[in-house]
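Chains as they are written, first to last, in my numbering: chain A, 1 to 270; chain B, 1001 to 1301; chain C, 2001 to 2449.
Among these hints, one or two may not hold up.
[Said to hold, decoys possible] Stretches of chain C that chain B covers, calculated by requiring three or more beta carbons in the stretch to come under 8 Å of a beta carbon on chain B: (1) 2069–2078; (2) 2111–2117.
[As the list claims (entries may be wrong)] With a cut-off of at most 30 Å between alpha-carbon atoms, the simulated DSBU-like pairs for lysine-lysine come out as follows: (3) C:Lys-2132 <-> C:Lys-2410; (4) C:Lys-2050 <-> A:Lys-120; (5) C:Lys-2158 <-> C:Lys-2050; (6) C:Lys-2384 <-> A:Lys-120.
[Said to hold, decoys possible] Beyond 10 Å from chain C on every Cβ pair, some chain A residues (computed): (7) Leu-87; (8) Asp-129; (9) Ile-254.
In case anyone wonders, no lab produced these hints; they're calculated from the structure. Because the structure is a prediction, the values reported are computed rather than measured. Just so you know, even glycine gets a beta-carbon here, dropped at the ideal spot from N, CA and C.
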Amino acid sequence: MLPLVLVNIVVILIPSVSSVIYSFTDWSGIGNATFIGFDNYTTMFGDADFRNALWHNILWTIFFLIVPMAMGLFGAYALTRVRRFRLLFRVAYFIPYIVASVVSASIWRSLLSPDTGVGKILGVNFLGDRNLALGSVAFVNNWAWWGFLVVVFLASMQSINPNLYEAAAMDGAGPTRQFFSITMPSIRPTFAFLGLMTIIWSFLSFDYVYILTQGGPAGSTDVLSTLLYRNAFGTLQAGYASAMGVVMALISGIVVAVYLWIRKTRNWEI
Amino acid sequence: MSLSVKLPLDGNVGEVNRSNAASRTRSPVGTAGVFTYTILTALVIFALGPIVLFFFSALKTQNELASNPLGLPQTWQWGNFIDAWQQANMGAGLFNSVVIVGGTVILTCFVAGCAAYALARLEIRGGSAFITYLLVTSSLPTQMFLVPLFYLWSRAGLYDTQFGLILIYVGLFSPFATLLLRSFMLTMPKEFEEAARMDGAGELKILLRIVLPNALPGLLTIALVTGLSAYNEFLFAITFIQNSDLLPVSTTFFSFQQGFTQNFTLISAAGIIMIAPMLILFLALQRRFIDGLSSSGLGGA
Amino acid sequence: MDITRRNVLFAGGAVGLLAILTACSSAGSAGSDLDYWYYFSDGNQQKYFKKHFVDDYKGSVPVRLTVKSSDTIDRLTQTALAAGKGPALIVTPGPSQVDAYSGAGYLADLTKYADKYKWNEKFSKWALEASKVDGKLVTLPTSYESMAFYFNPAVIDKNKLTVPKTREEFENFCTEAKAKGMIPLAAGNADWKGANEWHLTVAFNHNAGPHAIYSALQGKTPWTDAVFVDSVELLASYFQRGWYGGGVDTYFTNQFPKVYKQLASGEAAGMISGTWEFSNLAPYFGKAAGNSAEWDWATLPSFRKGIPPVVWDLGIGQSTGVNAKAPNVAAAAEYLNFLTTNTKTIAASIEAMNFQPPPIQLTVADFTANADERTTRLYTELPKAQTIGYTTWTFFPQKTETYMINEFEKVLTKQLSAKDYCAGIQLRFAKELAAGQVPTAPEPAGLSS
């Protein structure tokens, strides 16, 4: 407990508090700052770039709540039902998660490129078309992510008492029924926790956008974190960037609060 | 492509060969058909195909890559790996990564281990508030910490040291590790500890003799997750380490692919070199890591 | 209960430890060498620079070179400076960033060294003027550049194209090249979003014209003037016709290596970029690339009647200042003087590596017979320019410049009209003009002083 508190104070709490302070100033990131009250916050809500990025985060969240979750649950459940090669499948799925984001971005940049790989075959410029770019980046991020969910869900599913399934099978329940009546309720804590983390991480996602598109083309892949980064270091508006950071923290604060409230009213353990 | 045909067949053969014995001892009833295997195999291709292609790119000449980006290499250019190793200075980068990742993992396991045990087992006042705090903590945009942390670190003499970077990583990764480990510990049976407690064993003894061995798979999991995050992180590494002799491999690779070379075969080779250690480590540990994760929930010790 | 007591003790100890660490701060890193952070676009350039500009430097204090990547060096420098650290020599991407650094007191005043090392005689006047903030010299320009039209002579001949001199010729050039299945102009911004402003600079200077820009920079005409709106519209229409990089989408994903390869192979008919490309093109042409391709350059066409046929868009690619907190400011200034005025080393580096020189007077006599004609032509003609233009990264204030880079993509994708785009420029520019953040620009009338 104590070492955690200690390191947390230094690495997270102090910088967070100073960010909150900076969010009320016009600090450029260079030199002195003057206090300007809530100006940054009022600016933000009129800022089309901010709304654009926030919207992309929402889309991103929806994507990650559906696609990798479905793939992870399907993969894990299917693996509980196969006998041969389970280990092999599990390992294979997990491997992309191990690949560093800088490397997987490199892999997919060439695969999606309109000069080589899939982009050429389909005649599509995935990262250059502003209608496709966000989806393409999310796709690449998902590639590296869903296998992790398979492994975690599988671990959780394997701890379910097999007798439950046997009993259900005797009652004539097929695999689909068993999944919804036994598997899902049993892994609910894991599921809820990963759902929560998915939402939170979706609002933080940075690496793939930063490496693949830097928010472009024309802002079509901008998310809050890349916009924050650009404001802090590109346009010299560190005060404004801090205010964005605070808003992001508030958003995840609300998400956590809702989660905890649900957990309390339904009596779940995390 | 051949994989997708083979696996389901093998699966069926397996089912014939040893049907009953397995289904009792392990997992639920095996009812997977060809359809399931086909999808599972397609997913394998989705997961591994891009990496295999990347590996092939690393073995081609530049001309061949341009004319034949998706096929097998005609002549295997193993020399690309040597060139990439030298040009991207991978040796030094890997060594530094070992130090940084090792330090981060050990410290995080310690920090998160203590905290998770306290939160899962000891009745601490404000425990749930603290869990909420940790959740919020692991959901902050870390980019906004760069400037304040830099200020703090250069004041404290931690800037441009590997220890300084390790400390940041521990700070950033420990909240999530703690939460993960705590939920893992919650699934561990309390009975043994309670029995030991009734026998008069002290908290420390319980922690060392009963909790720790039980929690080992969980620790292994957070070690892997944290180690990966540290190994792959580049934004803080670039910012907090100035001396290029101390930089980890993620940053070496990041700047290498950022236009220092126009040669994609070398970028691929460097990328493969970068992911190889983690891959080997995972393959070596995966059985313990994943099996530990699954069996521990049942309370088997 | 025991735990809470330990908690308090531990927390107390932590605060104490932190205090000790903080106290030790000023003692840290008293290394005596001059720290210099720099970036290179390839390994050969790095090796050459290290040998001739660092190892061979025989000043009073040796230099320690640390290599950064081009797209992180500015952020790293900024972060380090904000924390009261940073290298002794501060590399900035040009005067527009200098103002911010100087305002924060990060940069040492170099005015007295200007007399000592006679910089006023050695440097072009415009460059030193643009480097001053409130009358104080705080940086020296370490490289200067112009925009140019690049082509591969063999490709031009084979396809019966002519290097354009007017808008009509330019449009014919692009139309014909496209009809032959070529990409008219190789271009892309995947590696560097700033590429957007290169093309804007060309449109503004060669369509709106240097006089219009000068007037707007003085605040006399607004950026919403029709002449600027037309320039943006014209440029966007060229992009939308697929003339730049083969299309708007591919422009967004083209990386520089591909752009250079297209120019070398004849896939592209030409390229519009800055003179910094001299050093970048080398690996793609001739022996180094295993082909027989060659490149050459010409000045840019004039797009409108009344615009002089030759306009040199002046730009300072990089300014270097001295960290006000550097342990030895005088030694840093001494090294800066070596970097910018040692004509022998500089001329040799131009010959060997096509490095961009600082804006000092170089004559044909400074080069040997081995020198590349393309290079000597540039560096002997440029200082004699009759009409100069203004690059956005040197003469526009920082927020305006960033806006121009980022929002131009929305003009390209038709999400933003040229008119609204220019209104956005004006909005930001007016504020920065009022705050005195617009760099000093020379008159367009030429450099032959």
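Against the structure, the hints come out as follows:
| no. | hint | in the structure |
| --- | --- | --- |
| 1 | 2069–2078 | holds (count 6) |
| 2 | 2111–2117 | violated (count 0) |
| 3 | C:Lys-2132 <-> C:Lys-2410 | violated (34 Å) |
| 4 | C:Lys-2050 <-> A:Lys-120 | violated (41 Å) |
| 5 | C:Lys-2158 <-> C:Lys-2050 | violated (41 Å) |
| 6 | C:Lys-2384 <-> A:Lys-120 | violated (47 Å) |
| 7 | Leu-87 | holds (39 Å) |
| 8 | Asp-129 | violated (5 Å) |
| 9 | Ile-254 | holds (29 Å) |
The structure does not agree with the numbered hints 2, 3, 4, 5, 6 and 8 stated previously, though it agrees with the rest.
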